[in-house]
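Participant: These protein sequence lines map, in sequence, to chains A and B.
Counting in my numbering, the first sequence runs from 5 upward without gaps.
Counting in my numbering, the second sequence runs from 8 upward without gaps.
In case anyone wonders, no lab produced these hints; they're calculated from the structure.
We put the beta carbon where it would ideally sit given N, CA and C, even for glycine.
Each hint should be verified, as a subset may be incorrect.
To be verified - So these bits of chain A aren't anywhere near chain B, every CB distance computed over 10 Å:
{"hint": "1", "residue": "Ala10"}
{"hint": "2", "residue": "Ser70"}
{"hint": "3", "residue": "Thr132"}
{"hint": "4", "residue": "Ser177"}
Claimed, not checked - Dumping the calculated PhoX-like pairs for lysine-lysine here, alpha-carbon to alpha-carbon at most 20 Å:
{"hint": "5", "chain 1": "B", "residue 1": "Lys249", "chain 2": "A", "residue 2": "Lys48"}
{"hint": "6", "chain 1": "B", "residue 1": "Lys725", "chain 2": "B", "residue 2": "Lys674"}
{"hint": "7", "chain 1": "B", "residue 1": "Lys77", "chain 2": "A", "residue 2": "Lys153"}
What the hints assert, rightly or not - Partial pick of chain B residues on the chain A-facing surface, computed with a CB cut under 7 Å:
{"hint": "8", "residue": "Thr640"}
{"hint": "9", "residue": "Leu641"}
{"hint": "10", "residue": "Ala738"}
The lines below spell out each chain.
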Amino acid sequence: MRYSRAEALRYLRAQANDEAAGILVDTVFLKLRNEVQARHVLQKHTCTILEDGVLLDCGVKFTSRSLAKHLEGCAEVLLLAATLGSKVDVAIRRLALGSVAEGAAAQAVAACIIEGYCDEVQERVESTLKQRPRFSPGYGDWDLTEQRKLFAILECEKKLGLTLTDGLMMAPSKSVTAVIGLSESVACVWNKCMECGNTSCPYREGS
Amino acid sequence: MNFRDLLGKELLFFDGAMGTMLQARGLKPGELPELWNFTHADIIKEVHTAYLKAGVNIVKTNTFGANRLKFAGTDIKTADVVAAGVRNAKEACAGFEKTFVALDLGPTGKLLAPYGDLPFEEAVDIYAEIVRAGSAAGADLVLIETMSDTYETKAAILAAKENCDLPVVVTLTFDIDGKLLTGGDVAAAALMVEGLGADAVGFNCGLGPAQMQKLLPQLLSFTSLPVVLNPNAGLPVERGGKTCFDVGPEEFANLMYDLISEGVSVAGGCCGTTPEHIGAMIAKCKDLPAGGSRPCNITAVSSYGKAVVFGKEAVIIGERINPTGKPRLKEALQNADFDYVCRLGLEQITAGSHVLDVNVGMPGLDEADALVKAVLALQGITDTPLQIDTSNYEAMERALRLYNGKPMLNSVNGTEESLEKVLPLVKKYGAVVVALCLDDGIPLDCAGRVAIAEKIIAKAAEYGIDSRNIVVDPLALTISTGGENANVACEVISTMSGKGINTVMGVSNISFGLPGRELINSTFFTLALQSGLTSAIINPQSKMMMDAYYSFLALSGLDDGCKDYVARYANAPKVSATIVSEMSLFDAIVKGLIGESKKATAVALTKEAPLDVINKYMIPALDFVGAGFEKKTLFLPQLLMSADAAKAAFDVIRDSVGGSGDANGEKVIIATVRGDIHDIGKNIVKVLMENYGYRVIDLGKDVPVEAVVAAAKEHGAKVVGLSALMTTTVAAMEETIEALRKEVDCKVVVGGAVLTEEYAREIGADCYAPSAVSAVNYVNEIFSK
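Produce the entire structure from the sequences given, and follow the hints as far as they go.
Facilitator: Here's what the structure looks like:
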């Protein structure tokens with residue numbers, strides 16, 4: 005299981021040299037790691053990039069200009085869904101009850117673990133093509149309701165026990181869905197923070 | 008001939024995959040296969056027929072995902088889809104002998120609350136609609152399959168049992184480590200399923216035959232029910248971005264031959280299996296006998312995550328969630344502060360409890376409502392099984408129903424009323440029940456108590472409750488009024504133990520009215536353990552009780568090589584009795600040191616009044632940290648650690664004044680709005696506000712508009728804090744504010760990741776709080792603190 009203290013500290017909005025916070029996230033990682041039941045589904049599809057979105061070989065169209073721009077030059081995409089399972093959510097609630105600091109650190113550590121897990125899954129994909137950064141519903145102008153399309157194609161409920169609430173949140177909460185473009189070269193060097201419309205986001209990087 | 012006549016008596020065969028077959032015939036990814044019951048009925052029947060020709064006895068209807076959630080927003084009626092599915096299967100079966108139609112129920116596609124947002128009873132209702140339609144259309148059995156969550160499985164079984172008389176078969180999907188998606192293991196799930204009255208239990212999907220073989224022994228040992236296996240054609244393999252199953256028909260048949268021989272009663276297939284796989288299996292295995300049911304003598308309770316088995320090391324049942332003599336818990340229950348109840352639970356788990364007793368009965372409280380909330384709160388934070396402890400029958404039924412697992416119930420006694428009211432509930436919800444050796448009175452001798460225990464066991468048998476699901480409480484009466492009381496209790500324990508019946512006892516009653524109670528209690532505990540006591544209701548935070556327990560385990564050979572004992576006691580630190588603190592409370596809070604903060608508070612309380620300690624040290628420290636956070640000289644982790652340290656100080660103060668620390672604080676209502684299940688931000692705000700002495704009424708997450716309005720009215724709160732994390736849920740925030748404006752005169756402060764100052768103004772909030780500190784500052788302003 006991949007875990008980076010530096011990443012966890014960034015999610016926790018701590019200073020990189022904050023020793024007490026470093027101990028906090030490390031401690032929480034030890035309490036959390038046995039609760040992780042990471043799973044994923046991954047599918048490869050060929051696609052056609054349109055002006056206002058992306059058409060997959062299975063007939064489903066994702067409508068988003070940002071996504072289309074992000075996937076420019078890609079003839080194939082990977083669709084990915086991954087989750088750490090609901091035990092992690094239960095553990096985060098449990099830790100938060102005892103200590104708000106541990107609760108917040110657990111959120112940060114779990115976010116870090118799911119991102120690392122997605123990286124690992126992607127690294128195992130055997131392909132001569134290069135992978136673009138993950139792009140998820142909610143990024144740019146890609147409407148969150150399109151999450152339902154990804155869920156239907158990947159059968160997230162059945163395969164992962166990953167579900168959507170009426171408010172389109174993922175449950176278990178420590179989960180990721182994404183589209184990953186495949187192309188000869190990583191033509192698009194994409195900074196997801198600078199593309200995002202939420203300019204007041206505390207996690208915004210590179211501003 | 009019906010299904011029950013054959014189940015477990017001769018080997019029966021399920022069909023294989025439907026989805027795989029439909030995809031091969033043009034079903035698109037993301038398309039709802041159930042609609043093919045209308046649009047492609049011929050293809051559906053063709054698939055059924057292909058399996059029937061291969062020799063199967065049971066075909067699954069094409070209704071796996073047919074539920075009202077899937078068809079929301081269309082004019083498709085679930086009942087019609089289900090009826091069409093059953094009709095197609097029945098028509099296909101015509102002309103084949105010894106065949107049955109299984110009404111197929113899959114997962115709803117939603118995660119149940121509190122893990123997701125689907126309320127338990129709504130899940131029951133969703134399944135009930137399918138069951139009614141399917142049984143009316145003539146299904147022969149109900150198959151609940153591909154379940155990966157015990158809670159949803161329970162909802163489906165209850166729906167089936169409450170809406171038809173058909174046999175119910177349940178198959179769950181485990182991963183290669185033997186875990187459900189929600190974390191449960193084979194034992195926990197099998198215990199619950201059998202308790203709820205299913206006719207057969209087993210595995211499907213997720214794994215191939217080889218992987219299921221590793222999990223099969225556990226299943227066979229934890230259930231007496233006939234076992235069903237519907238594996239995939241091997242583990243799914245990702246190849247070129249597509250999912251493939253590599254086990255071919257011959258190999259599948261060979262693997263299934265071995266599995267069936269271990270005691271399986273019904274076998275078939277799931278993803279990747281075809282009529283060829285199933286046909287090869289039937290050709291190879293058709294002459295094998297069915298495994299049938301097996302005797303199972305395990306007494307165990309379970310949660311969504313794990314099982315606790317009685318009979319080896321005594322099971323410790325933590326007794327502290329009980330308001331009798333606990334003013335702080337009483338206050339928490341009156342204020343619906345279930346976080347406090349959860350903390351009491353967590354402390355006991357840390358101290359060594361295997362099960363938690365939950366009793367919330369007190370005058371002036373709606374016990375059923377409080378018990379349900381306590382059970383839901385506890386099972387949202389721990390997988391330690393719960394013992395539902397109440398004499399209120401309504402509370403009992405509601406808590407048993409919403410419990411996620413095989414519950415323990417405290418208790419039934421030998422009176423006619425208790426037997427008639429409690430035993431049907433024990434049967435329906437598959438509980439392990441505590442049987443008190445009393446009826447109209449408590450017999451003073453062993454023979455009298457054993458006679459009552461036997462009466463209860465016999466009566467339970469009439470209701471179909473196995474004696475392994477009864478745990479006898481001999482009753483510890485205080486030795487201060489009867490010198491033989493301890494001996495009698497121990498004698499009852501050893502008598503029941505001799506009959507193979509498990510026992511449980513509230514140990515501490517033995518010393519009622521005496522000084523030095525822990526000494527008597529712990530010695531009596533050892534005597535009871537030596538007599539064969541298999542579970543004890545005690546305070547696990549009593550060092551003497553746990554010392555007695557661990558030393559007994561070492562002495563009785565239950566602690567192999569005394570490893571646990573050595574680990575626990577070899578390097579035990581010497582506890583210093585005097586409290587010395589070198590740090591001021593102010594510094595301890597600013598530095599976020601919980602231990603120091605507690606000590607400094609205790610020291611401060613020896614010199615100053617509680618209110619002075621709060622106003623002179625705590626509040627200034629919190630202000631200091633809050634200001635640093637706003638100026639960005641301090642960051643989120645320090646703020647939170649300080650909040651924890653202040654909270655610890657506050658707890659010491661509350662305990663010193665007997666629990667009523669903040670009863671007079673100004674009330675603030677906080678909630679995460681409807682549709683939103685993320686509550687970390689709200690919880691941080693709550694802790695900070697409580698540290699400032701506010702009485703925070705926390706309505707939780709996913710809170711309906713009306714509930715916020717009702718609470719604001721009821722409490723006459725001046726401030727309501729609302730949190731929403733997603734753009735999709737800010738709409739609910741706006742609605743909530745609008746509704747509050749119509750009926751209540753209060754200020755509304757809002758926060759959440761996607762909100763901005765401007766956005767907050769647009770939806771009508773009085774204040775936008777970009778951080779927890781700013782929310783507290785605003786509330787302080789309102790109350791001009």
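Participant: Are the hints correct? Go through all of them and say.
Facilitator: Going down the list of hints, with the structure as the test:
no., hint, verdict
1, Ala10, "holds (14 Å)"
2, Ser70, "holds (15 Å)"
3, Thr132, "holds (13 Å)"
4, Ser177, "violated (7 Å)"
5, B:Lys249 to A:Lys48, "holds (7 Å)"
6, B:Lys725 to B:Lys674, "holds (7 Å)"
7, B:Lys77 to A:Lys153, "holds (13 Å)"
8, Thr640, "violated (11 Å)"
9, Leu641, "violated (10 Å)"
10, Ala738, "violated (9 Å)"
Checked against the numbered hints given earlier, this structure breaks hints 4, 8, 9, 10; the rest are met.
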